[in-house]
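If you read the sequences in order, they're chains V and C. When we follow our numbering, the leftmost residue of the first sequence carries the number 1, and every step to the right adds one. When we follow our numbering, the leftmost residue of the second sequence carries the number 339, and every step to the right adds one.
In short, the hints are calculated from the structure, not lab data. Keep in mind that a hint or two might mislead.
For the chain V half of the interface with chain C, some residues (derived, Cβ under 10 Å), not all of them [claimed, not checked]:
{"no.": "1", "residue": "D55"}
{"no.": "2", "residue": "K60"}
{"no.": "3", "residue": "T240"}
Where a beta carbon is used, it is the ideal one built from N, C-alpha and C, also for glycine.
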Amino acid sequence: MSNNQSPYHYVRPEVLPLLTGGKLFSEGAKAPTRASFAQTVIELGATNPDIVVLDADVSKSIGTNQFGVKFPERHFNFGIAEQNMFAAAAGMATTGLVPFACTYAVFASLRALDMVRNSIHYPNLNVKIAASHSGITPGPDGVTHQGQEDMTIMRAIANSTVIAPADPDTTVLAVRAAAAYEGPVYLSFTRDPVPQVFGPDYPFEIGKAVTVRDGTDVTIIAMRDLTAHALVAAAHLAETGIEARVIDCPTLKPLDEEIVLRAARETGAIVTAENNVYFGGLGSAVAELLVENNPIPMQRIGVRDTFAESGPYLDLLDKYGLSYGHIEKAAQDVIARK
Amino acid sequence: MANVPMSVEELKQMAATIRCDIIEMICTAEAGHPGGSLSATDIVTALYFRLMRIDPENPRWPERDRFILSKGHACPVWYAALAERGFFDKSHLGTLRRLGSILQGHPDMNKVPGIDMTAGSLGQGLSAGIGMALAGKLQKKDYHVWVVVGDGESQEGAIWEAAMSAAKWKLDNITAILDRNNLQNDWHVDELMPIEPVADKWRAFGWHVVEIDGHDMDAIVPALEEARERTGGPTLILARTVKGKGVSYMENVCEWHGKAPCQEEADQALDEIRRCSCEQ
Ligand SMILES: Cc1ncc(C[n+]2csc(CCOP(=O)(O)OP(=O)(O)O)c2C)c(N)n1
Ligand SMILES: [Mg+2]
């Protein structure tokens, strides 16, 4: 890449001037990715009569109640009965329907986990698990509603495909790809609005991570809502002369091993950033790969071994060590260990 | 501090005070669940200011009666009752859902004096109550366990697993109160996923069922007193309630499940609650 070219890829031009000073979070256009999911599943339902939507009494919060308005005969609200809903989704999938079963991440990945594992993933059925309120994005509701382990749990299940798009537009692409894919897919969305970072030219493909900023000093691999923070961190680091590569990793599983190993080779230091507990998720997946292939200095950003609490979403990211400032610091530390 | 046990008249006044606390808390927090807090207010008030053997100075007193709000999202009513009863300073009420607050969006037993069980994931509180009731029997303590369950919440299979086990062990030291407001998050319970005939279901599961108007203090108090005295098995009080009770624009309106009133709406609500309690 020549010097006069922007190091950024697929980042919306209007976002670039907002990357420094935290302006992205105060001034940038924002939307919760759950809303993009709902809009996309309605779009898909219009052309694919096999798509059905299952809800468990949080359809108004996710927005899938609108699917019910458009396609009432293909919308099933099971009430507050997540276990019944997921096992029923499995049954529907055996007939060729393509169920999108929707609830919050805690309930999808924990309350109904046995159904999700034994009735969906073991028989490898074509159920799409749509989980909103992932990570600690449902701030004020507090711990019982914060799905801070969903990436870790879902990654541990055989046959799983785990997707956590970074922003509203890439969510649209991810949901379309999940619908086209045959087999169980776990899709994770944010409750809170997150910045609109990427344009519609973003090359979403299941199993592929995307380099969204070039750099050779360190690589930050981020997912879901922390990709925006990684970009801000990289912009700040650039002001201090550090060129950080940023990789958005919307598919946690299967991990894009090739892009990670290339980044390890070319930049020699890696920071991972996820709004999820810092074990078993993205950081662990990258560490497992590196330790067997190219054990370079690495640091993980994620929720430590603790529950969070109620509070505004961005304040929680700060308090629990997940914000761009923490990513910057981790990048500096890991470079020092090279 | 409140003079307990209260008369029915005093309980009615206290319920109005708690309703005002709920509105103020949720308005200040700009988030929370007013509808289900207001529907449970009269029951929670009767328990905390008349029925329950508790000691605000000693919130973990081993002999105390236990209370579990299984529909944990309605915790503003619980926090208000505990504050009015003297478990903690009322100034905390203004910190609901704030960073660092003891008053989490859903109740945390390790943060708030008087909260006997953490809740928020629906369908678990009745089982926790059964655990406490079994422990009470085992340890020969004569405390009573009170659990408030939502009607939407009773769609969870776990509620019925709990119901079955309370009957099997003939737990007469637990009383469940069903807050039958016929609304849940998305819509009306009877249309979304019907639970009727709900009294028959509980009877079939081995419970003694008592039906009351969940806002009539003259009916609530004797029903709770009888439930505490009854022996041989568990009692379910089927409390017919109105979601948003006491605030005209919230009553029976689904949207007020999880929405905060703005200041203007809160002022109107407070006005209505105060006026109504003066007329009593
Ligand atoms: C297991 C679980 N699923 C979903 C939710 C989200 N949720 C919170 S409140 C609520 C509706 C509760 O309705 P109901 O039990 O009737 O309570 P009330 O009407 O008294 O507020 C839902 C679905 C939850 N807290 N727990
Ligand atoms: Mg209800």
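Going through the hints against the structure:
1. Using the Cβ-Cβ criterion of 10 Å, the hint placing D55 (chain V) at the interface with chain C is satisfied: the shortest such distance is roughly 7 Å.
2. A hinted interface residue such as K60 (chain V) counts as satisfied when its beta carbon comes closer than 10 Å to some beta carbon of chain C; here the least separation is about 5 Å, so the hint holds.
3. At its closest, the beta carbon of T240 (chain V) sits 30 Å from a beta carbon of chain C; the interface hint therefore is violated under the 10 Å criterion.
Violated hint for the displayed structure: number 3, the only one.
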